[in-house]
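Undergrad: Here are the chains, one letter per residue:
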Amino acid sequence: MPIKTEPFYLNIGPQHPSTHGVFRMRVMLDGEVVVDVEPVIGYLHRGIEKLAEGRTYTQNIIFTDRLDYLSSMTNNLAYCMAVEKLAGIKVPERAEYLRVIFAEVMRISSHLMAVGFFLNDLGAMMTPVLYMWREREKILDLFEMVSGQRLLYNYMRIGGLSQDVPAEFMPAMKKFIAEMPRYVDEYDQLLATNEILLARAKGVGILPRETAIDIGASGPVLRASGVKWDIRKMNPYSIYDRFDFEIPIGQNGDCYDRYWVRMQEIRQSIRIVEQALKQIPDTGPIRADVPLYIRPPKGEAYGYIEAPKGNLGFYIVSDGSIAPYRLHIYPPTLINITALRDMVKGWKVADLIIIFGSIDVVLGEIDR
Amino acid sequence: MTVAINETEIEKKLNEIFPGSVISSEKGSILVDKGSLLKVAEYLKNAPELAFDYLTFVTAVDYLDYFELVYRIVSLKYNHSLIVKTRCSDRENPTAPSLTPVWRAAYYQEREIYDLFGIRFEGHPELKRLLLWEGFKGHPLRRDYL
Chain A
1 MPIKTEPFYL NIGPQHPSTH GVFRMRVMLD GEVVVDVEPV IGYLHRGIEK LAEGRTYTQN
61 IIFTDRLDYL SSMTNNLAYC MAVEKLAGIK VPERAEYLRV IFAEVMRISS HLMAVGFFLN
121 DLGAMMTPVL YMWREREKIL DLFEMVSGQR LLYNYMRIGG LSQDVPAEFM PAMKKFIAEM
181 PRYVDEYDQL LATNEILLAR AKGVGILPRE TAIDIGASGP VLRASGVKWD IRKMNPYSIY
241 DRFDFEIPIG QNGDCYDRYW VRMQEIRQSI RIVEQALKQI PDTGPIRADV PLYIRPPKGE
301 AYGYIEAPKG NLGFYIVSDG SIAPYRLHIY PPTLINITAL RDMVKGWKVA DLIIIFGSID
361 VVLGEIDR
Chain B
1 MTVAINETEI EKKLNEIFPG SVISSEKGSI LVDKGSLLKV AEYLKNAPEL AFDYLTFVTA
61 VDYLDYFELV YRIVSLKYNH SLIVKTRCSD RENPTAPSLT PVWRAAYYQE REIYDLFGIR
121 FEGHPELKRL LLWEGFKGHP LRRDYL
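Heads up: the protein sequence lines correspond to chains A and B, in order. Residue 368 is where the first sequence ends in this note's numbering, and the numbering goes up by one at each step. Residue 146 is where the second sequence ends in this note's numbering, and the numbering goes up by one at each step.
Here chain B stands alone, though its shape is the one from the complex:
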């Protein structure tokens, strides 16, 4: 069974190493401050006792007040999983750090989020539209797009 890792323990641990990085945690997921997302991701991947080497899905949810980015990571070695979330509140020009340098699995998925939600990923090697064509107006998966 893929075990969802204990979120309060990992929150405590991460806040010790990177103070203020984890804002809150709920069942199986942690909410990470956007500024420290890249550092946290690198730590989660490289820490030998966590070894989150496998990123499954990346997606965004539009809650109108903010966008929530959701990352689900799995360790193939220990067979445990964790959901990492982060929020960006700027609607006009939302940005987030790209996790493609950490897990290449994010490459297409971040391009898709950029295409459909308009969130710019800083540090993505090739950020352009994926499904819609260049020149398409708007980002259809936003809740206020008709």
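Here chain A stands alone, though its shape is the one from the complex:
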């Protein structure tokens, strides 16, 4: 006589170390095998889109820091670009270069955290993270030098930057960029052919190319599935058309490819910063002449960038007043977790944790 079995539900989160914040997964299990997973979000919802309707365009910059708090600079950049597009503001040359430098260093920092905590989820408790943290610390020092902050920089302004960089910044940045490739080699030595990483991540959580496009995935998740799509190349914003870099793409769309794509992107970001440091003008204005209260003409604009986690966009509707009529934030990670269901089916609970970790989520951005 067959034994009667039925699937049961396991609740992971919202308070759980492997959910990277307050994320809840309602997992349907058949023994140890995942049958279905339902993400439950909203625990960090602060209503930023609603709050933004009552504040001026400049005041809203501080909210963007609090979206993806591991890459505040790129959030600032995307928002400022959307407002500049709406109001027709031209950013000075030196500010554009500094913006690119900060955005790319931010990408390095964000990917270091993504890879570090991915390995943490995999069971390599804290050791790889500490290596990554060592370099991230240097990046945070650089950001602290220019903005006085270590997490929520609030450094970019509409039309440029809040202030010029101090004199000691450029030598420090050059030193960091010169040292960084050696550290990336070190990570590769430790991880790229690590047997445990290969066994746990290769072939796990495959996201096929067609599904990745259908669900609208972006960033490393899309590129790991073999789609050559990077907004910096496909729609060069700011001054990205002046730099020479490549788009690394994965072959299989598994967890290992997502890890690998991030490591390669760190190398490409270093290349971009090296070129930007050579080309940047030594002096010049760092902010356009922008009035205290910006009143963009009636209309709408969509500014979007390739943030570390994917396509980050701001859709702004203006009614001609000092506050946006509507501010919509298009967050990459919310869209990327649509794929979670497809990726985890048939895998074990332990794999669910690393598949989720490989997407690289930040809940501030998902819940807004």
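Hints should not be assumed to be uniformly reliable.
What the hints assert, rightly or not - Below, in silico cross-link-like pairs of lysine-lysine (BS3-like), each with a Cα-Cα straight-line distance of 30 angstroms or less:
#, chain 1, residue 1, chain 2, residue 2
1, B, K85, A, K298
2, B, K34, A, K50
3, B, K34, A, K228
4, A, K228, B, K128
5, A, K50, B, K85
6, A, K50, B, K137
7, B, K128, A, K50
8, A, K233, B, K27
9, B, K12, A, K85
10, B, K45, A, K85
11, A, K85, B, K77
12, A, K233, B, K77
13, A, K90, B, K12
14, B, K27, A, K228
15, A, K85, B, K27
16, B, K13, B, K85
17, B, K45, A, K233
To be verified - In silico contact screen, one side only, chain B against chain A (beta carbon under 7 angstroms); selected entries:
#, residue
18, T2
19, V61
20, A105
21, L141
If you're looking for bench data, these hints aren't it; they were derived computationally from the structure. In this text, all values refer to a predicted model and were calculated from it rather than measured experimentally. No residue lacks a Cβ here, since even glycine has one placed at the ideal position from N, Cα and C.
With the hints as your guide, set chain B onto chain A.
TA: Showing chain B alone in chain A's frame:
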């Protein structure tokens, strides 16, 4: 460069295939009649010369007289983009056809719009609140919500 596709050409083309489907067009965007939105979306995705396979954002704007739904679609093959808009004027019980069967990227975003604007998407596989909890009164992103 992602090129915004010529809106007057596409308006003409769509009106030939689905008469009365496109109401008007402005720079880079077309305003589609709500009733033919699903047909137009399927055509835009499957027509080989357009191949809009990638939906980026979906959002709604409350203009008090009507809600405007905004969809931005991109073709990864041709690297061109188009903004599709549609309007629903009923404030008490606004509805719109769901585009999740066409592009799954709309899945969470339509749930979010339902949550924050109260627009019901017909044909959505699992329409329930996303960010706020079940039982929350009202839809906060409406302009008349305090």
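Undergrad: Tell me the hint numbers this structure goes against, listed in increasing order.
TA: 3, 4 and 13
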